[in-house]
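K.L.:
Residue numbers (this note's numbering), protein chains in the order written: chain U, 1 to 244; chain Z, 245 to 488.
In case anyone wonders, no lab produced these hints; they're calculated from the structure.
Predicted model, so just to flag it, every value in this text is computed and none were measured.
It is possible that some hints are incorrect.
[Stated by the list, open to error] Derived pair list, reagent style BS3-like, types lysine-lysine, alpha-carbon separation capped at 25 Å:
1. Z:K312 / Z:K272
2. Z:K327 / Z:K305
3. Z:K250 / U:K174
4. Z:K344 / Z:K327
5. Z:K344 / U:K174
6. Z:K284 / U:K100
7. Z:K301 / Z:K284
8. Z:K453 / Z:K418
9. Z:K284 / Z:K250
10. Z:K275 / Z:K344
11. U:K174 / Z:K418
12. U:K6 / U:K40
13. Z:K312 / Z:K275
14. Z:K327 / Z:K250
15. U:K40 / U:K83
16. U:K174 / Z:K305
17. Z:K418 / U:K61
18. U:K174 / Z:K301
19. Z:K418 / Z:K357
20. U:K100 / Z:K344
21. U:K6 / U:K31
22. Z:K301 / Z:K250
23. Z:K305 / Z:K284
24. Z:K275 / U:K174
25. Z:K275 / U:K28
26. U:K28 / U:K68
27. U:K57 / Z:K418
28. U:K209 / U:K113
29. U:K6 / U:K174
30. U:K31 / Z:K418
31. Z:K357 / Z:K275
[To be verified] Derived Cβ-Cβ restraints for the label pairs, each shown as a range:
32. U:D235 / Z:K272: 53 to 59 Å
33. Z:E459 / U:K68: 54 to 60 Å
34. Z:V409 / U:D50: 21 to 27 Å
Cβ atoms here follow ideal geometry from the backbone N, Cα and C, with glycine treated the same way.
Protein chains: 2
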Amino acid sequence: MATYAKRRALLISSSNLHGFGYLEYCTKHIKDFLGSNTEKVLFVPYALHDRDAYAAKARAKFEDMGYKLDSVHEFSNPVEAVKSAQAFFVGGGNTFRLLKTLYDENLIQEIRKRVVEDGIPYIGTSAGSNVGTCSINTTNDMPIVYPPSFNALNLVPFNINVHYVDADPTSTHKGETREQRILEYHEVDNTPPVLGLREGCMLLVEGDKAVLQGETGARLFTRGEDSVQYSPGADLSFLLKMTS
Amino acid sequence: MATYAKRRALLISSSNLHGFGYLEYCTKHIKDFLGSNTEKVLFVPYALHDRDAYAAKARAKFEDMGYKLDSVHEFSNPVEAVKSAQAFFVGGGNTFRLLKTLYDENLIQEIRKRVVEDGIPYIGTSAGSNVGTCSINTTNDMPIVYPPSFNALNLVPFNINVHYVDADPTSTHKGETREQRILEYHEVDNTPPVLGLREGCMLLVEGDKAVLQGETGARLFTRGEDSVQYSPGADLSFLLKMTS
Ligand SMILES: [Ca+2]
Ligand SMILES: [Ca+2]
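This is chain U alone, in the form it adopts within the complex (with noise of 0.2 Å):
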């Protein structure tokens, strides 16, 4: 059975929130997660259809920041750009792009590999924290391209819907809510609990610990369970304790 001692992943809801600029309220966060022992990150930018031009708005972030950063799409050879690097960011976009191009370059067990067992920390936003999870299964995307598989780099045991809302009481569209969404996942036998991030809100995961961060706070979507609210602070450490 795998150990996950040296596992830190932080799985933001989104890169943007309302009155702030890229991934500025989160910056803090970010800093204290890789702290000063990282001097370069390893940038995903497949959820994007321009990989260049997202690359760029990351890296300027980034050194803005203090880090250098490059971006995996730059590398011949991926797979061995994954090998060395010191961490990960995985950027938002449209997640079954992102999951079939992960498969594609042959890069879910090096990736997987690297957080889990070598402690190479992980970063994502949006669709980047849905592919850190067990599977894509409640990703808010349009299912634009068809990915070999829903199953994803399963750092974590359990299921992250990102850009969390809560329903419109005033709202006349006759759409699924989110909740009513995610209810329809647990509709379905044995699937793991889904939490709800709130834009402005994150999950720093270090081992076996997992603490709620952030401004907004979460709801936890448990099968068979009413759901319930979690504010910024939580211990979700639980969460972790589920067999995968």
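Starting from the structure of chain U, add chain Z with the ligands where the hints point.
P.N.:
Relative to chain U, chain Z with the ligands alone:
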């Protein structure tokens, strides 16, 4: 090359519209479409978890309209039920669950054959309209189960986005707007047009003719072009001419 002379489909955005009961706003369209020669409709309830309850709800409404209704899940041999159906009604819910079950029950080719070759009328609402098109790549639903393909019944050679909504300019939410999601799809090579059907709107397909019905209109997204707004009554037959 297939001829589509017999094809008849009524692809409805949603069974519900604010201020109306179940299928109420489109009752007249359904009755006009089925006409007086149809005695009985075969219902496909696979998009929802509770098939018995869903069939009861659909049956009550169709009996109200003067039609008998069988639900395909009540047959020990769903393929045989499809082979003898006079009309199909495929209800909404979760598009991934619906499509996966259609594959699991070997109904994709059977339903397609009945509609295209035998002229059996097809009514879809929401997820039922999505699976009537070439693929489910533009569903809004959460990918709660993994279907063997995103390819669908391909009764029409383009995509539909049901429950289509324009962006709310006052929103502070940072998840993608519906338009942004469809534009992400069109970043993929060779993707067909996407017809965004607003709630209260439907597409009537008869042979090689397609007309927009209902009250609310639709927005058409074509790869590499500006999107175009269409009003009820618009002739969209050109969408059927694309090679599929
Ligand atoms: Ca997204
Ligand atoms: Ca749905």
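K.L.:
Which hints, by number, does the structure contradict?
P.N.:
3, 6, 8, 10, 19, 22, 25 and 29
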